[in-house]
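Novice: The lines below spell out each chain.
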Amino acid sequence: MHLAKRTIPVAIAFVCGIIQVVDYFFKIESVNTWAQEIRSWVSIVAIFALGLGAVNVLRVHLKKVRQAPSESLNSILLLITFLVTISIGLTAGQSSKPYKFIFDYIIVPTGSAIFSLLAFYIGTAAYRAFRAKNAEAAILLVTGCIVMLGKVPLGEKIIPFAPKWTTWIMEVLNVGGQRGVMIAGAIGFVAVSLRIIIGLERRTYGVD
Amino acid sequence: MFVAKRIFDLFALLVSCGLIGWSISLAVRGKKIDIRPIAGFEAMDEAIGRAAEMGKPLHFTPGFGGLVAATFAGLEALGYIAKKAAEYDVRLIVTVSQPETYAVTEQVERQAYLEAGKPESFRPEDCRFISPDQWAYASGVVGVLNREKVASNIMIGQFAAEALILAEAGNTVGAVQIAGTTNAYQIPFFVVACDYVILGDEMFAAGAHFAKNQVHLGSLRGEDLVKVICIGLIVVGAILTTFGNKTLSDLMAK
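For the record, the sequence lines run as chains A and B. Numbering of the first sequence is given in full-length UniProt numbering, commencing with residue 1 and proceeding in unit increments. Numbering of the second sequence is given in full-length UniProt numbering, commencing with residue 1 and proceeding in unit increments.
Among these hints, one or two may not hold up.
Unchecked claim - Simulated pairs of lysine-lysine, DSS-like, Cα-Cα distance not exceeding 30 Å: (1) Lys164/A <-> Lys246/B; (2) Lys212/B <-> Lys64/A; (3) Lys212/B <-> Lys118/B; (4) Lys32/B <-> Lys227/B; (5) Lys56/B <-> Lys118/B; (6) Lys32/B <-> Lys64/A.
Stated by the list, open to error - Stretch by stretch, here's where chain B covers chain A in the computed footprint (C-beta under 8 Å, at least three residues): (7) 25-36; (8) 154-160; (9) 182-192.
Quick caveat, the hints were computed from the structure, so don't treat them as lab data. Everything numeric in this text was worked out from a predicted model, so none of it was measured. We put the beta carbon where it would ideally sit given N, CA and C, even for glycine.
Given the sequences, and given the hints that come with them, work out the whole structure.
Specialist: Right, here's the structure in full:
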C-alpha cells in the first residue's frame with residue numbers, strides 16, 4: 001500500500017521534476033526530448049482526470065434530479081446540454097457545423113456575458129472600498145480617484161496633473177508593490193516544488 | 001550546454017533550494033521556529049464556527065489553476081478546513097475548476113474526514129467539478145454560493161479574472177469571506193470584497209500554521225532567508241544603477 005500510494009508517486013514526481021528543471025537550463029537533446037514527452041503526458045493524464053470530472057458532474061446533477069425533479073430545472077438543462085454536446089462531438093467531430101454552432105453561439109456568448117459582469121462588480125466593490133473609514137481607506141480613496149481621473153480624457157480637464165500622477169502611481173508605487181508580491185510568491189513556488197519533488201509534501205499524495 | 005541567459009537563474013535556483021533544504025533539515029532536527037500569526041488563517045475557525053452555528057454550508061474553492069504551487073497551498077488549507085468541518089458536522093462544499101485538481105482535491109478531503117474519524121460523513125457529491133472553462137467555472141461557483149446560501153466562503157489558490165465575480169457573489173449572500181492568492185493583479189479585488197485576505201506568499205504558510213509541520217516551518221524559514229538575499233540584491237542593485245554601475249544587472253542577465 002505504502003509503495004503504491006507513496007513511494008512510486010514520489011519517485012515519478014522526482015524523476016519528472018528533475019528532467020523538467022534540467023530541460024529548462026541545459027541543452028541536452030535526450031533530456032529535452034524526454035521533457036517534451038513528459039509535458040505531452042500531462043495532457044494525457046489530464047484527459048483521464050476530465051473523465052472523473054464528467055462522472056462527478058453526472059453524479060451530482062442526477063442525484064438532484066432524482067431527489068427533487070420539480071426543483072431541478074437547471075440540473076436537467078445541464079444534463080441535456082452535456083449529453084448533446086458530447087454526442088455531437090463524438091459523432092460529428094469538433095470541426096462539424098453543429099459543434100461549431102454550440103461553441104460560437106452558446107459557449108462564447110455566455111462566457112462573454114459572465115465576463116462582462118465584472119464591470120458591474122468592479123463598480124459595487126469600488127463603492128464599498130472607497131469609504132474613508134480610516135486613514136488607509138482615505139489614502140485608497142484619494143489614490144483611486146486620481147488614477148480614475150488620470151485614465152479618462154475628461155479627468156485632465158478637471159485635474160490637469162491627474163495623468164502625470166497616475167503614471168507615477170501605476171509605474172512606481174503599483175509596480176513596486178506587485179513585484180514584491182511576485183518575488184515572494186515565486187520563492188514560495190520554488191519551496192513547494194522542491195518539497196513535492198523530494199517527497200516532503202505529503203498532502204499532495206493524499207497521505208498525512 | 002547551458003541555455004543562453006539562464007546561468008544566473010540556475011545559480012539562484014540552486015542557492016534557493018540549498019537554503020530551503022538546509023532550513024528544513026534544521027527544523028526536522030528540532031530547531032525551534034516561530035511564525036507570526038496570519039489573520040486569514042486565524043479566522044478559519046471563526047468561519048467554520050459561523051457555518052456550524054447557522055446550520056449552513058461552508059464553501060471552499062482552490063481556484064481556477066491546475067496543479068500549481070498556489071493550488072497546493074490551497075489544498076493544504078483545505079485539509080485543515082475539511083477536518084474541522086467533519087469534527088463540527090458542518091457541510092463542506094468544495095468547487096473545483098480543473099480536472100486534475102479535482103482528483104487531488106477529493107483525495108485530500110477524503111483523507112481529512114478519515115483523520116477526523118468520520119469517513120462516513122464525507123459526501124463525494126459535495127466535492128464538485130464545475131468546468132475547466134474560466135467563465136463556466138465562475139458562473140457555476142456563483143450558482144452554488146447563491147443556491148446553497150453558504151455561511152462562509154473560503155477561496156485559497158490560483159485565481160484569475162474570475163476572482164472578483166466570486167468574491168462579490170459571496171458578499172451578496174452575506175458570507176464571511178477569506179481569500180488568498182499569489183496573483184498580484186487579483187489581490188486588490190480580494191482586499192475590497194473579502195473580510196480576510198491572505199496576501200501572496202502568506203498562503204504557503206498554511207501547513208506550518210495549521211499542522212505546525214516541521215518540514216513546512218523549516219521551508220518557511222528558508223524562504224525568508226532567500227527573501228533577505230533578494231532584498232539585499234535589490235538595494236545593492238538600486239544603488240549601483242543609480243551611480244551608473246551595471247555590474248550586478250549584467251551579472252544577472254547572464
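Novice: Output the indices of the hints that this structure fails to meet, ascending.
Specialist: 2, 6 and 8
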